[in-house]
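Novice: Heads up: the sequence lines are chains A and B, in that order.
Per our numbering, the first sequence starts with residue 1, numbered consecutively.
Per our numbering, the second sequence starts with residue 1, numbered consecutively.
Quick caveat, the hints were computed from the structure, so don't treat them as lab data.
You may find that some hints are simply not true.
When chains are identical, the list treats them as one kind, so a pair holds in a single copy or across two.
Think about it this way: if two alpha-carbon atoms lie no more than 25 Å apart in a straight line, the pair counts; the simulated BS3-like pairs of lysine-lysine are [claimed, not checked]:
hint: 1; residue 1: K32; residue 2: K169
hint: 2; residue 1: K455; residue 2: K307
hint: 3; residue 1: K163; residue 2: K312
hint: 4; residue 1: K272; residue 2: K312
hint: 5; residue 1: K163; residue 2: K307
hint: 6; residue 1: K112; residue 2: K245
hint: 7; residue 1: K169; residue 2: K40
hint: 8; residue 1: K163; residue 2: K40
hint: 9; residue 1: K32; residue 2: K163
hint: 10; residue 1: K142; residue 2: K245
2 protein chains.
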Amino acid sequence: MKSLTLTAALFLGVSVFGHEGTPNPDSVFIRKIYDEALEKGQAYDNLRTLCKDIGARVTGSSEAEMAVKWGEKLLKSYQFDEVYLQEIEVPHWERGTKETCWIENESGEVKKLSVLALGGSVGTGGLIEGEVVVFNSLEELKAADKALVKNKIVFLNRPFDQKLLQMFKAYGACANQRHSGPNEGGKLGAKAVVIRSLASSTDEHAHTGSTHYDADVDSIPGAAISTVDADVLSAWLQKGKVTLKLEMDCRIYPNVKSHNVIAEMKGNKDNKIITFGGHLDSWDVGEGAHDDGAGIVHSIEALRILKQLGYKPNHTLRCVLFMNEENGNFGGKSYAKIAHDKGEEHICALESDRGGFLPIGFDIQGTDEQVSIVQTYASMLKGFELYNFQKGYSGVDIRPLTEYYPEMIQLGMSISSQRYFDYHHSEADVFENVNKRELHLGAGAFAALIYLMDKTI
Amino acid sequence: MKSLTLTAALFLGVSVFGHEGTPNPDSVFIRKIYDEALEKGQAYDNLRTLCKDIGARVTGSSEAEMAVKWGEKLLKSYQFDEVYLQEIEVPHWERGTKETCWIENESGEVKKLSVLALGGSVGTGGLIEGEVVVFNSLEELKAADKALVKNKIVFLNRPFDQKLLQMFKAYGACANQRHSGPNEGGKLGAKAVVIRSLASSTDEHAHTGSTHYDADVDSIPGAAISTVDADVLSAWLQKGKVTLKLEMDCRIYPNVKSHNVIAEMKGNKDNKIITFGGHLDSWDVGEGAHDDGAGIVHSIEALRILKQLGYKPNHTLRCVLFMNEENGNFGGKSYAKIAHDKGEEHICALESDRGGFLPIGFDIQGTDEQVSIVQTYASMLKGFELYNFQKGYSGVDIRPLTEYYPEMIQLGMSISSQRYFDYHHSEADVFENVNKRELHLGAGAFAALIYLMDKTI
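Bound conformation, chain A alone (with noise of 0.2 Å):
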């Protein structure tokens, strides 16, 4: 693989801003395609299908399979290079239909609370109950003496810092929560593990997401409630003893088969791979329009959008939407493995899976000197409110190609953050809670980086 050197970077810099007076090519061709996306964008009509004539799908629901049909023939209607599907094995997870929680004071006051199953948890087998021990953080329960949380139920409720900027770095310090609770509320003998919902808003909803069971722990039902009840149970436990009552029959079945779903446009000068994509699966609530339908319709639309103003690419462009990236990611890192077991040469990846809301830039995951790479194309996409090139994190589904590939650059798509966690994993994540205008920014900037790089690199 050619590596990605800052003398192309120079070159394209003058490439960039042009002489004086001289209309630059590649911010004329940016120009065109946002004109495209903004002004005949299909993405907003192409997730309104995908929401509403699908809906929830999760991985292994006749729902994933029906996304599996719809991306492909819509992918077909565009008259790529090539569609088709990659096979891959998925697990299967159901919710199942009871799902219920109370919570009862000592004066026998009671109350129902918004409660969603953790993807992945077992269920609870007819309705259990225990008495509530609150922690305010996975490390003050790893901490807890056993005798305190044994036979009892354990609530999680670490809250979202809202002092950060970055909705996404408050995310990452509560997931822990929702991803090991259950398992670490297992070690020490706890009936289940209830956790405040990993959500920036104080709201009705309750928010999954996966959980994960170590082998040699004993697996016990994991939960979210709203971040509403949480602070009434917060309340509630300040005042005297609660005890928790919860049923859910939702349940793990076998792995299945299902798969990633793929478009190319070939290159002209080699065979070069450079893959972008979002993810085709969503949990179970909602219709997964944030979470990440937006990824798939930007995807999509990217590569329509380079194929309609007749771009002949350098190197294949490769539009992946990726099966599993919510429990598992085996659509990623089979991905990634077929890949390289087929001798692909793969040199760059782009993500887009942080919703549908306005994009301010790009992370860049490369060498310091691919991120002044990237940099260099700041001054011509600040006029598209772009402004966030910074070194980062890429995305999970092309995350495991740099196992194979240690020298490739990824590039996650930065989409402001504020909003996105009022919906995640919830029954918000619909199609009403996306803005035209901030999605369609959004196909735009991610075509206007695949062209950017299919062109440096």
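Start from chain A and add chain B according to the hints.
Specialist: Chain B alone, transformed into the frame defined by chain A:
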């Protein structure tokens, strides 16, 4: 007035960047402002009461007078140095109760349209009807032959240019069809003028806003129909003749008394004044949540935060809740004249009137030198996602001050404009469409700039 010099800015520059390893006091203070805004902010709760307990508050209505009481009471509760009302005269227009619009084609098909009288429009005096003649811009109408327009109902159908990044520019390009459409139609003998709503989205809401009549022109009714209905009407017109029926009983009453609501923290150093504010009035549909409830609570919150943090300002910090921005700007004009007549010394003004969305920076109305000075803040504010510091327009309410104080610097808070015109002047401009974190980031940004301006000038 001491003019704002580059020397002062460079001095601040040193203080901003600090010596290596030394915490910079300005950065530390701005971080405290944001902590207060994001963790203990009251702007969102204040906006809820303004929207839900008062509601829409067009100038001259009892709601506008109740909003004055609301503002005065709230400001007094924060125990600022002074809180007082400033009496002004304002227009009084009422929508009335009847507002109906139908179209009918040559086959007798009929359709009811979503319609709102333009603010300041005369009524129809019963049901009127006429053949529709369409123009794609005000300029086309002005150039039209009188014979083509006389006794017709003019339909002005210029849409937003979606290719633009700044939706305020798209609005600006279309706004003359609302502001001057009925006046120009009147000159040519039209019966009424109906415009395509000034909206970025294609939806079912009509969006109102002010229109004006020259004294020597016959006043004819003006109304806005939803963008969806504008598309329907446009399609019908392509197939043949369309008749439009319109009934509105809106009317103009004599001017009434109202008030700007003012709160102050007195300066330690002198009596020079820094004014900041938004407008308390709104249109009479929706709840005026983004326009400009957001600016009102940004302004109140900025003063509250500075007081809460124990800040002792150099100059007098004056928070103004302006009345009557929407139809006449009597509040802003009167405020400036009274300031001048009293011999007050005004050195700076800031305005928030672009909604409660994500703040992205400040537009600076001033000399190149003044712009450069504000730009020296950029590196300190980058961590708060503020990046846009450029020469531009300040705001309608504070603009009249520059007539009397031409050397003053003015700043308009720059806010992402992508969603603003989905809600603007329509029934959709309600509290539920405001995001708490975005609103509180706006309060933080506004307070930070007031602090920096107070320190610098």
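Novice: Within, between, both or neither: how does the pair K163, K40 come out at a Cα-Cα threshold of 25 Å?
Specialist: For K163 and K40, only the inter-copy Cα distance (9 Å) is at most 25 Å; the intra-copy one is 39 Å.
Novice: Between K169 and K40, at a C-alpha cutoff of 25 Å, which is it: within one copy, between copies, both, or neither?
Specialist: Answer is between: at 19 Å across copies they meet the 25 Å cutoff, but 35 Å inside does not.
Novice: What label fits K455 with K307 when the C-alpha limit is 25 Å: within, between, both, or neither?
Specialist: within (15 Å within a copy, 53 Å between copies)
Novice: Have a look at K32 and K163 and pick one of within, between, both or neither, based on CA distance no larger than 25 Å.
Specialist: between (39 Å within a copy, 10 Å between copies)
Novice: Check K112 against K245 for me: Cα-Cα at most 25 Å, and say if that holds within a copy, between copies, both or neither.
Specialist: Classified as within; 9 Å inside a copy, 53 Å across copies.
Novice: First find the shortest C-alpha distance between K163 and K307 inside one copy, then the shortest across copies, and answer within, between, both or neither for a cut-off of 25 Å.
Specialist: between (43 Å within a copy, 19 Å between copies)
Novice: Within a copy, between copies, both or neither: which one fits K142 and K245 at a CA-CA cutoff of 25 Å?
Specialist: The answer is within: 23 Å in one copy meets 25 Å, while 72 Å across copies does not.
Novice: Checking K163 and K312: alpha-carbon separation at most 25 Å within a copy, between copies, both or neither?
Specialist: For K163 and K312, only the inter-copy Cα distance (24 Å) is at most 25 Å; the intra-copy one is 46 Å.
Novice: My question is about K272 and K312: at a cut-off of 25 Å on alpha-carbon distance, are they close within one copy, between copies, both, or neither?
Specialist: within (14 Å within a copy, 62 Å between copies)
Novice: Classify it for me, K32 with K169: is the Cα-Cα distance of at most 25 Å met within a copy, between copies, both or neither?
Specialist: Between copies only: 19 Å across chains, 35 Å inside a chain, cut-off 25 Å.
Every hint, counting from the list given before, is met by this structure.
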